Amino acid sequence: MLTFIAKRLVQSIVVMLTVALIAFSLFRYVGDPINNMVGQDTTLEQREELKERLGLNDSFLVQFGRFAVNAAQGNFGFSYQHRRPVSDLIAERLPATLELSLVSAFLAMAIGIPMGVYTAIRRNSWLSHSFMTMSLVGISLPTFLIGILLILLFGVVLRWLPTFGRGEVVQLGWWSTGLLTASGLKSLIMPAITLALFQMTLIMRLVRSEMLEVMRTDFVKFARARGLAERYVNFVVALKNTMVPVITITGLQLGSIIAFAIITESVFQWPGMGLLFIQAVGNVDIPIMAAYLVLIAFFFVVINLIVDMLYVVVDPRLRVDSAGGH
Amino acid sequence: MAEVTAQNTQKSWLARAADSDLWYSFCRSPVTIVSAILTVLFFVSAIFANWIAPHNPFDLASISIMDASLPPAWMEGSDPRFWLGTDDQGRDIFSTIIFGARISLFVGFASVIFSMILGISLGLISGYVGGRLDAFIMRVADIQLSFPAILIALLIDGVARGVLPRDMHQDLVFYVLIFAIGISGWVQYARTVRGSTLVEKNKEYVQAARVIGIGPLIILWRHILPNVMGPVLVIATIHLAIAVITEATLSFLGVGVPPTTPSLGTLIRIGNDFLFSGEWWITIFPGIALVLLVLAINLLGDWLRDALNPKLR
Amino acid sequence: MKADVEKQSLLTIEGMRVEFPSRRGHVVAVERLDLTVEPGEILGIVGESGAGKSTIGNAVIGLLEPPGEMTEGTILLKGDRIDHLDEAAQRKIRGARIGMIFQDPLTSLDPLQTIERQLVDTIQRHLNLGEAEARSRAVDLLDQVGIPDPAVRIAQYPHQFSGGMRQRVVIALALCADPEMVIADEPTTALDVSVQAQILDLMKALCRDRQVGMILITHDMGVISETADRVAVMYRGRVVETGTTQQIMSKPNHDYTKSLISAVPRPDKRLKRFPLVTYIEDAEERPEGLNLATHWLGKVREEHKLTGNLVELKDAHMRFITRHSLFPSRRLYLDAVKDVSFAIQPGEVFGLVGESGSGKSTIARMITGIYKPSGGTITFDGTDMTALESRAAAAPFRRQMQMIFQDPFSSLNPRMRVEDIIEEPIHFHKMAYDQQEATQIMHDLLDVVGLGSQAARKFPHEFSGGQRQRISIARALATRPRFLICDEPTSALDVSIQAQVLNLLKDLQSELNLTMLFISHDLPVIRQVCDRVGVMRHGQLLEVAPTETLFTDPQHDYTKHLLKLMPKFRGFRMPELET
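Protein chains in written order, with the numbering used here: chain A, 122 to 447; chain B, 228 to 540; chain C, 114 to 692.
Calculated from the structure, these hints are not laboratory results. The structure presented is a predicted model; accordingly, all values stated were derived computationally and were not measured. Accuracy of the hints is not assured; some may be wrong.
Straight-line distance between alpha carbons at most 20 Å, and here's what the computed EDC-like set of lysine to aspartate or glutamate pairs gives [to be verified]:
hint	chain 1	residue 1	chain 2	residue 2
1	A	LYS342	C	GLU299
2	A	LYS361	C	GLU229
3	A	LYS342	C	GLU178
4	C	LYS205	A	GLU351
5	A	LYS342	C	GLU229
6	A	LYS342	C	ASP196
7	C	LYS677	C	ASP333
8	B	LYS430	C	GLU575
9	A	LYS342	C	ASP333
10	C	LYS571	B	ASP361
11	B	LYS428	C	ASP520
12	A	LYS128	B	ASP361
For each label pair, taking beta carbons as the anchor points, the in silico distance ranges come out as [unchecked claim]:
hint	chain 1	residue 1	chain 2	residue 2	range
13	B	VAL356	A	LEU123	29 to 37 Å
14	B	PRO453	C	ALA202	47 to 55 Å
15	B	ILE344	C	PRO179	40 to 48 Å
16	B	ILE260	C	GLN567	23 to 31 Å
17	A	PHE181	B	ASP398	26 to 34 Å
So, partial list: chain C residues that the calculated Cβ filter (under 10 Å) puts toward chain A [stated by the list, open to error]:
hint	residue
18	ASN171
19	GLN203
20	ILE211
21	LEU225
22	THR227
23	HIS239
24	GLY243
25	GLN269
26	ILE296
Idealized CB from N, CA, C, for every residue including glycine.
The task is simple: from the sequences and hints, build the whole structure.
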């Protein structure tokens, strides 16, 4: 088991290095970093001097090494557009995105998993059929359109909820939270639903198909043939076996919620990292793009590690070095 | 028994298709028939947009600012020439939807084909060759899978903006978009094809081909590929829906197709600015068209998956 | 039999009919079925695939796969009607009064729960026992089914048990609540012969000691003859005959039973041909006698007048890596074949016998070049095949050796027509001048294997298992090979079809003077087909001897052990074939 975790750790580091390499290549070779820092009137000598000072004449490996070390310390240089350290910009906006993503992820799982289980167990009830139809509509509705429709209904027609921004926020140290004020919570409702809806339908459909798969196995049939209660067969035998694949995909989905927030943030003008990123793409603000990429990869790696550990908890076959003959 | 099979082989392929389980399940599902008709309508009107659309929104001579922001035909102050109303520049919404759907479908289709070719090839190689190459391809796939398609497409678009000069970027925008959406979708194909290839390559018909002495390329092409195409078709259908959504989202975010040749996403983006001033139709009708198109394709994909995998029913 | 005597039967099935509605009309899986089982009795239900055997078991415990439905008849358990009960009542019978044992022990147990949890939950479901009592009962049960150290092993997960041990756990689970009746559906089919015998003995002893009635569903006449007290023979959904095992085996009445029994390969005596099964409907006979002087298969065969061996293995070794690691010391290897040497002479049928995992099939794949040996040499017709570098260099040899595989359902590409399947090797080795000649050869081959040329345009799924195996044979013959490898060619087939396919192989072997490597786990089949036999275990070749010598005077202990386990089935024989 320790070797399993150690192996995963090594893999995670490889992933992070790969992503850092891509981010570095973006930073170094897309657009000219010097041009983006200096004005038109800078002389060639000044440029050369700046280049030397920034270490842009060093070998590729040295430059990449420096980039990686800096990145590991959260230092991604200056934004071309905002003329401020990228790390400051991200630190300001990280809480907004994380709050939105976590609330959405919770919504998506808390509703998606029970719905998936229900539609798998009561496969032919009318409620299951309507869930399935709704889920198809759910994955057919682009996130931005859900946002627009919600704004139209609750913001423009009914005027119940604010249509943009985070509302009032409270500072807890460097973390700004909108969860403690009424206006902050009201502002969160529409973006959170918008972001959760697509993930929720995905999770529901996934849980359903995995569970149906498990219900066809011999051991479920054998459990039935032993007269075990339907509830026991469904929840103790089938659901537990469903959890292994579900954990993986849900983990992946959580990672993508943070990135999917780009769309939601841009519809609701939510002041998070996604909005920062989309503006950076429009303005070719490479340091922000690179930093965002590395950050998303980091979230992914952390979530994956947690998923792997959960695996070991759920599936005894992975606890390889536990005693026992064959 | 012997007689029945003899008759079967003499029938034409059309008769056999009509007799197949796929066609049977198709006929028994009214929802599927409706979605198929809807999809075909979209495709036909997209292909023949120049003849079907009542106005040409790109013909500057025919549009007049006088007709700007007219509501749909059943509302007050409308003009019967424009039954879904006009946008802020006086373009007919109905016609722009048809032309917009054309762009959306074109970009979607091209991206799917690009993804499919890339994904199938890598999946076949990965599954058949195995070893380090397989491990490498699948690791890349894993890493990419951690980034949603939309993020990858955005990054590629951002890079293209940085690398290409501005005017060149304008010319190449469709190719950049197709590449961006296409490259973000190959993983699904590759994983599925790899999985099926791992199963198929250990089946005895592949071993029989190897015993005959046939080389790996021909085995992949003639024996394995036809047997892994079933799930690929399902993925391709659902991926078409995703590609259309991705294109619309990129265009909505302002990094997709240029406003001069609007797709459905661009139309929704343009209309979004007028949402608060009450001109909802500029956004809502393209939105409905987009959802109908995507929903129809998704329903088809869903049916296809169940029909090709009878044990799921 | 008097009515009151009948009432005392443990299980009575009367007039059962099970239908599976489908789009092309109702499929009747079982009809007009009457059966009884007495306490302590083992009733064997035997029949070939599709005869409806398993449907009976599922119907009795009320677990028919939807949309299947029992439309007629009654099932009585000690006089209580148990058909058409509601779900709750059904569950009180399942496990509590009727236990069930399935075929594959590897998939029958929940992989995520300990054996203890599964046993205790099942016991507590049916018996009113506390946790500790239930646990001690579970340990007792494991002890009774022969699991060593039950108190320790009960805490383990299924993946920590071997296949045979898992089947013992499955039996313990079926016996949790002291059921009056057990239904075992092919309980030993997935197990090796030596384990099979132990499990059957265990089930026999348990039935006798606990006075449990058992329905034993199987396709294997040998299992029936050694285990069952009475037998019901099924054919296409109906019982054609019932009687005591003794009576059915020695004096069967029904023609189908006669055919079925006579088709089982005899372990005790080699026959020239298998008795022809006349009752089976898709029996196809090939045109009598092949005129090699005129037939394509007889043309220009490169007969080097070979004096030595056709195939020779010297210290052939095959090592697979089962765990990859950067560090060589952490890698794990599996030596599937360990330094095996043997030689096959021209025109000979050489047999390889052994249990699963003994390396038999790996040897076949090494000879044909699917695997590259990690050591030793393999010589074909005097040429060292392991020294040939390119595929092109090996091609002329590939052409001369072909292979027939085990699973008729996966050995043909489902997307290709039969004509394309058979013509592929012809085109690949450029054995025909034009398409017309290739078509002609393909038609001839289909005739030779007894399918006829109308099969050419069809797809594999339109054929039965036996017919598919004939297509495989036609494909293998398409390159006019001198050497044919048969890897368990009949073990996936019903016994009656097996007889036909083996007859075909024997005929072709003698007519074409083929050299054959025949791989099987089935000793009686080996005895009927092979001239010399090698016995394998754990990748090693233990003994090679002429067939008759091996069966009458085995040298190695393992060979003796295998022969002892061989089913002693000596059934009915058609007298005219006793030559």
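- Taking the numbered hints from earlier one at a time, note which ones the structure violates and give those numbers from smallest to largest. Violated hints (numbers, rising): 9, 10, 16 and 24; every other hint is consistent with the structure.
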